[in-house]
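Let the hints inform the model, and build the full structure from the sequences given.
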Amino acid sequence: MFLPYDQGLEHGPRDFFRNPAAADPSYIVRLAVEGGFNGVAMQVGNAEKFYAEHAGQVPLILKLNGRTELPSADAPLSPLNASVGDAVRLGADAVGYTLYVGSARQAEDFAQFRTVRADAEAHGMPIVVWAYPRGSAVQAAGGQDSFYAVDYAARTAAELGADVVKVNFPDPTATTGVPEPYDLEVSTPQAVASVVASAGRALVVFSGGAKASDKAVLTRTREAMDAGATGVIYGRNIWQRDHDESLRFAAQLRDILARYPTVREDPS
Amino acid sequence: MFLPYDQGLEHGPRDFFRNPAAADPSYIVRLAVEGGFNGVAMQVGNAEKFYAEHAGQVPLILKLNGRTELPSADAPLSPLNASVGDAVRLGADAVGYTLYVGSARQAEDFAQFRTVRADAEAHGMPIVVWAYPRGSAVQAAGGQDSFYAVDYAARTAAELGADVVKVNFPDPTATTGVPEPYDLEVSTPQAVASVVASAGRALVVFSGGAKASDKAVLTRTREAMDAGATGVIYGRNIWQRDHDESLRFAAQLRDILARYPTVREDPS
Amino acid sequence: MFLPYDQGLEHGPRDFFRNPAAADPSYIVRLAVEGGFNGVAMQVGNAEKFYAEHAGQVPLILKLNGRTELPSADAPLSPLNASVGDAVRLGADAVGYTLYVGSARQAEDFAQFRTVRADAEAHGMPIVVWAYPRGSAVQAAGGQDSFYAVDYAARTAAELGADVVKVNFPDPTATTGVPEPYDLEVSTPQAVASVVASAGRALVVFSGGAKASDKAVLTRTREAMDAGATGVIYGRNIWQRDHDESLRFAAQLRDILARYPTVREDPS
Amino acid sequence: MFLPYDQGLEHGPRDFFRNPAAADPSYIVRLAVEGGFNGVAMQVGNAEKFYAEHAGQVPLILKLNGRTELPSADAPLSPLNASVGDAVRLGADAVGYTLYVGSARQAEDFAQFRTVRADAEAHGMPIVVWAYPRGSAVQAAGGQDSFYAVDYAARTAAELGADVVKVNFPDPTATTGVPEPYDLEVSTPQAVASVVASAGRALVVFSGGAKASDKAVLTRTREAMDAGATGVIYGRNIWQRDHDESLRFAAQLRDILARYPTVREDPS
Amino acid sequence: MFLPYDQGLEHGPRDFFRNPAAADPSYIVRLAVEGGFNGVAMQVGNAEKFYAEHAGQVPLILKLNGRTELPSADAPLSPLNASVGDAVRLGADAVGYTLYVGSARQAEDFAQFRTVRADAEAHGMPIVVWAYPRGSAVQAAGGQDSFYAVDYAARTAAELGADVVKVNFPDPTATTGVPEPYDLEVSTPQAVASVVASAGRALVVFSGGAKASDKAVLTRTREAMDAGATGVIYGRNIWQRDHDESLRFAAQLRDILARYPTVREDPS
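Protein chains in written order, with our numbering: chain P, 67 to 334; chain F, 67 to 334; chain R, 67 to 334; chain A, 67 to 334; chain B, 67 to 334.
Bear in mind the hints are in silico, worked out from the structure with no lab data behind them. Note that CB positions come from ideal geometry on N, CA and C, so glycine has one too. Hints are not guaranteed to be accurate.
Unchecked claim - Pairwise CB distance ranges, derived in the manner of DEER restraints:
#1 Gly122/F to Ala121/A: 39 to 49 Å
#2 Leu313/P to Val154/R: 44 to 54 Å
#3 Asp249/F to Gly209/P: 22 to 32 Å
#4 Gln205/B to Ala121/A: 38 to 48 Å
Here it is as structure tokens:
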């Protein structure tokens, strides 16, 4: 159960208006500690200034790249703003990388990821890949949440060397423009299971996206875990409510996750 | 209280016609000494030829990148023209970097900034980021001075590792095209306070822009400091008048700033 | 006889729906061992997580670059996602590289290949080049399978330093838009022989493409070998059927190949 | 008084038809020696093959970058074709660099110049910057010889670290499209003096451009020197006439320059 | 008298259909030995696999860059596919480089050439430059064989540091769109002599282009040598005929060249 906190860069401070305390990275790190999260993900600027005082209390996933929502997303690329060396220096337990599968700038992205993978392997640092289908080609093929797109993104991250893959929940009803056999609608659990299988031995965690009702989030979490997910990585659904509510909801999620074995059986 | 002197490159010598003496970098460095400024910011060419004789009398912020106003600003990028190594060699106390948040070339900018941050950290050199929203996406979302744009720019600089963030005063009336909740007008002090909060532990200094009336500048300065700003960085409002007037106005600003504590309380 | 397994990246998991077991890289490596293949080609992510337990049982061709089918293929470039150093570390016997002959980004491709060739030579590692005509210029000149395009691609790979060239079967009936003398139709065996000659001392293996009938594949295999091919590299025609069928068909192919001498006579 | 000889590359051999002997770099170096020039500027190919035999007789300014007039000049960039290391090896006393102020590729230009400046400083080699306003933005703002453009170019070169700035004579009548206060016509001597002031402690030499009448060139030279110029750098006005005429005219120029003090007083 | 063999890459195997034996690089190297050529030029792939067995029998010019004719030639760039280090390792006596003078990608080309020149000088390796005017600007200015274009290309190569310049025969009748004074038609010998003069101390060899009648080729050879050329570099005119015919024609060429002094007098 991870707590991602890169929305200040990716979406801007507008994500903090529901709960202004969440604009303070120190508040988030404390929340991660109190909520018993297995890791908190943040950019280098925040990690440098706010993580040290809580080091050892919650693992850090240093997010190595990022972008703002301002420039056009027709051909997005998320440039590196930190290095594996920074992660080592800051005591991180893993690094995070956003890979825009399908973007017209995918070639640059793969090349950039290669340097991260090589550095991470040299330092024994696991890589969590935000495997996000994006760009105009993806829009034309079912959109970024289609089963086709999410399945392909999970596979791509695994083929390139991810240790953990973070994906959105696949939407098997998005079949317009997708290639065979994805044009045949399957159930959500089938789609989730296929995504988990496509990632091979890379662990799969599902992200939450915009804030939804508690019930919807809990249901989706159970579905994902039933289908073989390793865990979840929810940000706005956690910290876009007040402090005690955040902790209460985190506890509910933890209860669900505790019902599943820590290590998946190898499918082979 | 900083004195910026990069306008000769950014705008050209036209900024010096109101007070031709200001075209001479030596005059500006002396003014910074006499006016009791906490730093003077300039490009490498000027720093190399004019700072040495006043080294130790006023701190130097070596501005590492810059551009001219001539090429189209649809997708601006401010290329490096100096290095952290130059800053060390010239005895600078900090480096300055212009980050164009929202530019279509933002990915290149982030990548370039990363090299600066890494070098600066290796040399223990603080980084002042000119956090400027720019480019066609910004023009479509309230313009470069909108609360949305300035708030996002301050946050972006902090997430990427700035120690000091230089922004324009936010204009909360610029709500056309901005996303929720920025489309709801707030007061200027609220907007300034939000910008300061978005920057986390990075210090925030507000810039002055084009020359305005003394009264307007002093009022804005008080507003900024009340809302939690660390200081101000005014250039044209200082040196686009004759020598003694510059010193008199600097003294007024210094008086205002002296009423506020040097170190902000940590908001967390 | 090689078993290529880069389709998960190049086409996405849709290639695994005919035989879901094939989504598991471990299954494929075991199939390569059991089927007596001379090598299995895969990307770094799969090689790292699935090859080690079978190392020594079947040679590994580490595929160093790849792309997804999502971004437009008007000007494709297959970026590196692994290095020759990775190949050495993983115990590979050769490296694989996709060269898009004719792409508008060909200049970048050649430059990238140069670094691979230099590294491979420094480590004594043979290079298998997927020599694929691609891009709008190729579409206008008979298409990617025309005799003209395949012949030119094989030659290009050899001139640039390939040790083994992987090409599609040339289609001598695709004569629209091709330059002299390719506008004169020749027989398939003549075309295959010409491609083999164009590659000089680089060995030529033919790929299978989408799944076809067993009879068609076996006929084509005989034609290729009669015309001087070194071998074949079939993926979907092997693993898009159930396990025992895969082994049965691999045995048939091995029988054909066994009838030809291992080392070609030097044509000079 | 410098003799520039980069026109064979910048304009092509057509500049040599008025005096075919001038196509021979050896002729030009001898002319520089006989005419008592303070330096001859040339590209690396010519310097390597023709300068050595006259080394010590006239200083060499190795021009480090250049382009041909063939590709479109909408967004020009003058790529490096030699290094500061070449200049050291060839016994040059300075390096030359063309900076296209205002070009859409200005960012690349600044980045490239930065490497030159860093290398030149490391070797104690002065830098002469050909500060040339160029590109479509410049065309829209008074053109490349407007007072605005030349003044801005001189300032830009100085801010980036030039030791000597080479500019064209400013034309104060070109006021269409320029920003305030350049839209007010001033006298040529005022414009020249402003350009010299904008360059700070960088020395300013004025170039001659296409061949003009002797009288016009001599008048302009006196105007420039009266306004504070350090010297002149004339090429075609020298060598686009026969040998003895070249020497006679160079002597006239030398006489003018001799009337001015070698070292300018510091304006500060 | 050089034998170039880069057509397999530049034009594709279609150049080998007139004499299929010529597709075999081994055949070409033997032809160069038997025909008494002063050098054979080829790409790294062919040099690595076919030159070693004849090393010492004929000098090797390792061609370091190349492209296929497939991608659009509007803005061509010939990327490096080998290094000077490869040339040293393979026992080459010189390196070859194609420079596309006038291409919109000329800046990249110059930058790339600079690295080759620096490496070549460090290893004492002479550089033969294929100085080819190309791109849309060249098409608009008389075309790639106009006297203007060829003269400018020869000069450019020399200014950038070529030791030997390979150009096409200039066509002085191509005067449409060329600048003064090239719009005045001169004789072919005058044009050839001008090209030789423009190249300074760089040696000039003329290429043959597509196969022409023996008589035309011999006449052009005499004209070139009369005008000061150093030699010729003919490929298709040699090997697009059968073996004995090739040797007979090479002997005729050698007889012509033998009538001229080996070392040109220095024009200065």
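Going down the list of hints, with the structure as the test:
1. About 43 Å separates the C-beta atoms of Gly122/F and Ala121/A, a value consistent with the hinted range of 39 to 49 Å.
2. At about 50 Å, the CB distance of Leu313/P to Val154/R agrees with the hint of 44 to 54 Å.
3. One distance hint, 22 to 32 Å for the beta-carbon pair Asp249/F and Gly209/P, holds here, with the actual separation near 26 Å.
4. Evaluation of the 38 to 48 Å hint for Gln205/B and Ala121/A yields a pass: the beta carbon distance comes to about 42 Å.
Of the hints listed earlier, there is not a single one the structure fails to meet.
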